[in-house]
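Enquirer: Since chain A is already given, all that's left is putting chain B on it; use the hints.
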Amino acid sequence: MTASIPGGTARPPGSQPLFERARKRVTQRLSLAGLNSGGVGSAKFKIPAAEAAPAPAAAPAAAPAAPAAPAAPVPEQVEAVLALPASVVIPLLPETVLLADPASLLNSPQGQMDFRLPLGTVLPMLPSGKIEFSIGDLSQCAPDGIIHSVESLGEWAAQNVLLPLPQVVMRIPPEFMTLRRDQKPIDTAVAAMDDPFSPEALRAKAEAAQAAQAELEQASVEAAISSTPSPAVEELPAAATAEIETPEPVPIVEEVQPDVQPEEVPSPASAVVEEAYEPVPAYRPVAEPSIPEETPVIPEPDFSFTQSAEYQSLLSKLQMAEEPVAAAEPKPEPEPDQPVSIPEAREVSPEPEPPAPRPLHTFSFPSPPKPQVAETLPERPPEAPLPASPLSAAVDAAPAISGSFHKALQGLTHRESAEETPLVHHSELHDLMRLPAEVPAGFKEFTRQLSLWPGMKCCVICGPDGLPIASAGSEGKSGDSLAALAPRLFKNASNLLADLGRTDLFEMNFPGEADSLTLFRNRHFILITVHVDEQLPTIYRQNIREALNLLAQSGPG
Amino acid sequence: MAFINYSKREIQLKIVYYGCALSGKTTNLINLHGGITSTQKGDLVSLATDADRTLFFDFLSLNTQTLPGFDTRFQLYTVPGQPVYNTTRQLVLKGVDGIVFVVDSQWERMEENVESFANLQENLIENHLSLAQIPYVLQYNKRDMENVAPLHYLEFTFNNRANRVLSFEGCANKGDGVLDTLNGVARLLLAKYSKSAAPVRALTGGNKPS
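As you go down the protein sequences, you meet chains A and B in turn.
For the record, in the first sequence the residue sitting at position 84 is 84 according to my numbering, with numbers rising by one throughout.
For the record, in the second sequence the residue sitting at position 58 is 58 according to my numbering, with numbers rising by one throughout.
Bound-form chain A, shown alone (with noise of 0.2 Å):
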């Protein structure tokens, strides 16, 4: 157990010992029948230690009040002391104010007596997590031969003693220590409320959140399904139109060859019919047939059946039906339940020549455009160079930014499991403060880089109501000094900006002897730096600017 004495808290000129002050409070307030009021040591009955603790004679009263409550009434056991063993006490007491020495004392038969303190003034001290006793004080509790006199001990009688808490309540009843008896119980409908976060029912929110979610996610998934358009190409979009209209190998007919031979062809009606229901057949060149010199000779061709009526009827819707054609319909279709009547062959007559055969119609599909790609891409034109930042010689200079990010994620790995909001990367901010471009940057990192500006000796980052993000210093403590300053100074730069009329300044100085103070702010963020020079130089105000409003936009915010 080590001693803890306070400096002097010097006593008010003319007041009462702590203890009088009590025993007259007390004797004031309260008063017991059958009991004579006395001093500590004509106590009715003494409180037991804590281990065998028994409940004292008398109830106990309400327990004195919590600090916020200095009202509370005073325990009657006004007489009651607490007995508290001398070897508990002797150590904490300065050698001057004992009679003998330490180690001897506790030997002593004195060191094996208890010091008996008053238990009316012990109980309001509880409270307040400290039990403290002037030396003069319990000079007046302490049994004979251990502490000088009051009037001997001098000015170390207001010297304060903080007794062992644990030691003084470990004594004292837990009776001693209830409630006060006025207390406003929990409200019943709080008390018989469910919890709104028991495990499992956060755990059954989970669930429902995630089948939410699934279920969002098929619905989502069937909506896009079913949004898909169809395959017609009306309904693609003009990107996929162009890529399906892309012709398929149509074969081109220039002319259409009567591909039929004469054994081949049953009977002319027949084959006529046939063809209408036939789809288009696919191109296949005909060769001419070789004739062999010994074959016998093919009568010339009749045309004379176009002459006819039924002929030129026939032609003629033939023509009409193939004014309008289309691509995919490259031969026309005669009626098909119509049926063909072949005139028989006639003589021919020499006077009429035979049509020249109708030239079809040639189909011929553009093909797609392609794209225009140049086969070299010209070449981009040479960016001019970052400005170097006149910073960077005297940053790379510091041998202490070379490898800070992971020193100072590794820290904040050790130290918490949290992890501080990163930035979103950004190259322009960590060109401006020279951080390594591999990580992304956090408010810790900004500041940091910040501190080891040559000159600058702390600044902190607060957020649009001043509450500190990050801090950092080059000199030991001191980001921390200004981080915990930093509201205060922000709410009276405040004030100050808004008296003046200029809540418009995004930059304050406020130059001194030894550290100078520049306050920076803009919509999200303020920064404030202390420096060695009453200004910062302008490049620094430039680049600190910048990387404030690089930080609004790639923060939190």
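I should point out that these hints are in silico values taken from the structure, not numbers from a laboratory.
Built from N, CA and C at the ideal position, the CB exists for glycine as well.
Honestly, I wouldn't trust all of these hints.
[Claimed, not checked] To give an idea of the interface, some chain A residues facing chain B are shown, with a C-beta separation under 8 Å as derived from the structure:
no.	residue
1	Pro91
2	Leu165
3	Arg181
4	Ile186
5	Met193
6	Asp465
7	Gly466
[As the list claims (entries may be wrong)] So these bits of chain B aren't anywhere near chain A, every CB distance computed over 10 Å:
no.	residue
8	Gly69
9	Gln82
10	Trp107
11	Arg164
Expert: Then chain B, alone, in the frame of chain A:
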């Protein structure tokens, strides 16, 4: 005060974990962030200084409705516990709806706990609030340590005000009591805003005074 987002049909409730340094506030929040399986939870945002940090994350509770047709989004914050960051704590407390005061149960931290509790009340006053207005719960953390104060002493010290509040034992590093504590303060908030549902509905603006 609760913030009502009419476009998203959400009520945003801000819960701040308060307490002295190293009492386990951050551990509570990290544990909750890992344990909450809501698909609509936000990232754990860290506003870091070298010595201490302010943490924040939010999550949407789809089934806890304080108003018909509105979902409830809980925003959980911690504050830096060190005394020097008092102004930061004041900022974080702005617009708070509920508080979890995390008590370090170790004997040697008791004085700091009490100071932090007093500091909480002072900072609430700075924000024109008080513990009588703001629902809060107590979490007695680090109960697995050896040198911890007994529960009756902690209750006597921190839960002896005019209104008794919910208190929970916890070991945040193991996750014990973390969810119970959040449930406690959430119950308080839901009960509070469910009672005041009628006046809330009458408002048409974005912010609703509690």
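Enquirer: Each hint: holds or not?
Expert: Evaluation of the provided hints:
{"no.": "1", "hint": "Pro91", "verdict": "17 Å, violated"}
{"no.": "2", "hint": "Leu165", "verdict": "6 Å, holds"}
{"no.": "3", "hint": "Arg181", "verdict": "11 Å, violated"}
{"no.": "4", "hint": "Ile186", "verdict": "6 Å, holds"}
{"no.": "5", "hint": "Met193", "verdict": "5 Å, holds"}
{"no.": "6", "hint": "Asp465", "verdict": "6 Å, holds"}
{"no.": "7", "hint": "Gly466", "verdict": "6 Å, holds"}
{"no.": "8", "hint": "Gly69", "verdict": "17 Å, holds"}
{"no.": "9", "hint": "Gln82", "verdict": "8 Å, violated"}
{"no.": "10", "hint": "Trp107", "verdict": "5 Å, violated"}
{"no.": "11", "hint": "Arg164", "verdict": "5 Å, violated"}
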